[in-house]
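Got chain R; can you put chain X on it based on the hints?
Residue numbers (our numbering), protein chains in the order written: chain R, -8 to 104; chain X, -3 to 112.
What the hints contain is simulated information worked out from the structure, not anything from laboratory work. One thing to keep in mind: the hints can contain errors.
[As the list claims (entries may be wrong)] Just so you have them, the derived chain X footprint on chain R, three or more residues with Cβ under 8 Å:
hint: 1; segment: 35 to 48
hint: 2; segment: 92 to 103
[As the list claims (entries may be wrong)] Cut-off 25 Å, straight-line C-alpha distance, at most; resulting in silico cross-link-like pairs (SDA-like, lysine to any residue):
hint: 3; chain 1: R; residue 1: 91; chain 2: X; residue 2: 53
hint: 4; chain 1: X; residue 1: 20; chain 2: X; residue 2: 105
hint: 5; chain 1: R; residue 1: 91; chain 2: X; residue 2: 60
hint: 6; chain 1: R; residue 1: 91; chain 2: X; residue 2: 37
hint: 7; chain 1: X; residue 1: 20; chain 2: R; residue 2: 38
hint: 8; chain 1: R; residue 1: 91; chain 2: X; residue 2: 112
hint: 9; chain 1: X; residue 1: 20; chain 2: X; residue 2: 77
hint: 10; chain 1: X; residue 1: 20; chain 2: R; residue 2: 30
hint: 11; chain 1: R; residue 1: 91; chain 2: X; residue 2: 69
hint: 12; chain 1: R; residue 1: 91; chain 2: X; residue 2: 24
hint: 13; chain 1: X; residue 1: 74; chain 2: X; residue 2: 112
Idealized CB from N, CA, C, for every residue including glycine.
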Amino acid sequence: SQKIEQNSEALNIQEGKTATLTCNYTNYSPAYLQWYRQDPGRGPVFLLLIRENEKEKRKERLKVTFDTTLKQSLFHITASQPADSATYLCALAMNTGFQKLVFGTGTRLLVSP
Amino acid sequence: DAGVIQSPRHEVTEMGQEVTLRCKPISGHNSLFWYRQTMMRGLELLIYFNNNVPIDDSGMPEDRFSAKMPNASFSTLKIQPSEPRDSAVYFCASNRGARGSGNTIYFGEGSWLTVV
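Excised from the complex, chain X in its bound form:
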């Protein structure tokens, strides 16, 4: 079975440019999560969707960040304009979204973003 698929795996971009990260969740999973990982702050939840609807975006750092999930098999995280402090590893994750079940979260391999 294919896991969570993210692209690109690595991206180096100049400050001010738009960055789009893409994610394909595991088929049949109803919930999708975007996390950001840095050495200083660890793994932070940015936003999560349930049945393609954003449920909690309180972790999105600022208006430069936006996320969409147009259908059950695709999501994007966009940063516009990008800044050097956005450099981090961005993980997409998914699960079945069964409330109260303590469902495991399955992570992708991450998108390593460097903004210079």
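So that you can see chain R by itself, here it is in the shape it has in the complex:
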């Protein structure tokens, strides 16, 4: 069956450290993968997109990797801050039906001062 797995347990880290979140998928062939941030009571907000032929993408303190062999994406936040505390969702779009984004259930990140 098709699955997108993100760690359901919250990730607790100290301010200044690097947070690493994982997105694993099975039985999908994504054309690209996106990461979103969701704050409590708000809608998800787009952060980064990486295509199947890209290994790594960076934006300021954010870095995403995409390994289509391992079927895994890693999302890194360097020099984390308490303001980075939120739930982070990964989403896949397939080679067919580009508009159909399938989301993981998200991982909650808590950054302590």
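This is chain X only, laid out in the frame that chain R set:
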């Protein structure tokens, strides 16, 4: 620029009542999406429209759910009759709908539905 606008933000209704959720997408966006989010199932795509035409409604749970997009600036999601298991946050989202571009999806703030 105004983002995706949803109403109502919160609704509490009794089982069996009709519920209508409304959405105004970002101006100029050609694709509109309705998602449902629950703790158990996460964010699920219910239906999406391109140029006001429903393209994929395979995520609509059952006949009690229906969605319309009468014009480029308005869409509704209706549940009739509502049941307690429909309690969730319903998100509307939109994007430019450019095929193959990996377009970002812009979400509204959601409509929090509780059916008692």
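Status of each hint after checking the structure:
no.: 1; hint: 35 to 48; result: holds (count 5)
no.: 2; hint: 92 to 103; result: holds (count 6)
no.: 3; hint: R:91 x X:53; result: 11 Å, holds
no.: 4; hint: X:20 x X:105; result: 12 Å, holds
no.: 5; hint: R:91 x X:60; result: 22 Å, holds
no.: 6; hint: R:91 x X:37; result: 17 Å, holds
no.: 7; hint: X:20 x R:38; result: 23 Å, holds
no.: 8; hint: R:91 x X:112; result: 31 Å, violated
no.: 9; hint: X:20 x X:77; result: 24 Å, holds
no.: 10; hint: X:20 x R:30; result: 22 Å, holds
no.: 11; hint: R:91 x X:69; result: 21 Å, holds
no.: 12; hint: R:91 x X:24; result: 19 Å, holds
no.: 13; hint: X:74 x X:112; result: 17 Å, holds
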